[in-house]
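If you're matching them up, the sequences are chains A and H in order. Residues 305 to 419 in the working numbering are what the first sequence lists, from first letter to last. Residues 10 to 122 in the working numbering are what the second sequence lists, from first letter to last.
To be clear, the hints were calculated from the coordinates, so they are not data collected in a lab. Among these hints, one or two may not hold up.
[As the list claims (entries may be wrong)] Straight-line Cα separation of at most 25 Å, SDA-like style, residue types lysine to any residue; simulated pairs:
1) A:Lys365 / A:Ser330
2) A:Lys353 / H:Asn93
3) H:Lys66 / H:Pro115
4) A:Lys365 / H:Thr110
5) H:Lys80 / A:His347
6) A:Lys362 / A:Glu324
7) A:Lys353 / H:Arg18
So you can see what is in the structure, the chains are spelled out below.
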Amino acid sequence: AQSVSQHNHHVILSEAASLELGCNYSYGGTVNLFWYVQYPGQHLQLLLKYFSGDPLVKGIKGFEAEFIKSKFSFNLRKPSVQWSDTAEYFCAVNEGTGTASKLTFGTGTRLQVTL
Amino acid sequence: EAQVTQNPRYLITVTGKKLTVTCSQNMNHEYMSWYRQDPGLGLRQIYYSMNVEVTDKGDVPEGYKVSRKEKRNFPLILESPSPNQTSLYFCASTPDYYTDTQYFGPGTRLTVL
Chain A
305 AQSVSQHNHH
315 VILSEAASLE
325 LGCNYSYGGT
335 VNLFWYVQYP
345 GQHLQLLLKY
355 FSGDPLVKGI
365 KGFEAEFIKS
375 KFSFNLRKPS
385 VQWSDTAEYF
395 CAVNEGTGTA
405 SKLTFGTGTR
415 LQVTL
Chain H
10 EAQVTQNPRY
20 LITVTGKKLT
30 VTCSQNMNHE
40 YMSWYRQDPG
50 LGLRQIYYSM
60 NVEVTDKGDV
70 PEGYKVSRKE
80 KRNFPLILES
90 PSPNQTSLYF
100 CASTPDYYTD
110 TQYFGPGTRL
120 TVL
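Okay, chain H solo, but in the shape it has when bound:
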């Protein structure tokens, strides 16, 4: 089944404790993105990747890192999480960034205490 998977789905952590949210797609898509969803703010793009080893900042990249060492994986790293990073995070992939559908993962709900 074609899908985007994220792990973990739920995470509660404390300020400053490094964490990684994994994202993997099995559709051989070149383009992948991370978004955060906050009430009243909709989805905001954190980072995106056009291909392996090619990443760029979205609207809200501060406090986040990404890497794209393999086509299928696009992990999101929070080196020192803070409470303002409490949010719902979505990973997405698409075969064609401009005209095609984004396929979203199920989301990761992160709480930083």
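One chain only, chain A, in its complex shape:
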């Protein structure tokens, strides 16, 4: 079965620090990759997604992620975090095979940005 690993469970950064959150998945075939964000008290919303083309994907609020197929990774980055980026971040993967499959989420990374 597909699995998604987010090794950083809780990250604390100062404002303006750079961010990289790791995401690794287990499926060896074609995949579609997503990062979702959950701000405190709010529901999940899409940050960015990749399903084909340029492996460097840019999302909202200055976030980007790079798909490295050989490493089964889709790490999220931001050059300079803001206090408002405090949230929980979830990586998600589904198998892009065209048949019924399910979206598998990682366990999430809680990001705390201090002033």
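Please build the complex by placing chain H on the supplied structure of chain A, with the hints as guidance.
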């Protein structure tokens, strides 16, 4: 406004008392899902539906039922809730399951005593 709505938002109940959490979307999406979110476990899919009358199990379907009689609605039914079903539940919909964004509802926080 395009949205996914869930009701109730908060629910405290007792073991064994049947309950239904409703989910409705106004975007004409074919695909809908239910997830539960637990600390340290992230989101786990309970059930999903590819279309009306088409549903399938996700990762953690035990103790839950769903139905999809209309495209817009996808209720989650707990026939006999137990304390281990205390969780935060999210409904989601998407026009294209494989490549498109999932639109999440606001969540339902369920406590089973």
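Hints, one by one, checked against the model:
As the CA atoms of Lys365 of chain A and Ser330 of chain A are separated by approximately 28 Å, the hinted pair breaks the 25 Å bound. At most 25 Å may separate the alpha-carbon atoms for a hinted pair to count; Lys353 of chain A and Asn93 of chain H exceed this at roughly 33 Å. Between Lys66 of chain H and Pro115 of chain H the CA atoms are separated by roughly 22 Å; this keeps the pair inside 25 Å, and the hint holds. For the given pair, Lys365 of chain A sits about 17 Å from Thr110 of chain H by alpha-carbon distance, which is consistent with the 25 Å threshold.
Annotation: proposed proximity of Lys80 of chain H to His347 of chain A holds, straight-line Cα distance about 22 Å (limit 25 Å). For the given pair, Lys362 of chain A sits about 14 Å from Glu324 of chain A by alpha-carbon distance, which is consistent with the 25 Å threshold. Distance restraint check for Lys353 of chain A and Arg18 of chain H: the Cα-Cα separation of roughly 28 Å exceeds the 25 Å cut-off, and the hinted pair is therefore not satisfied.
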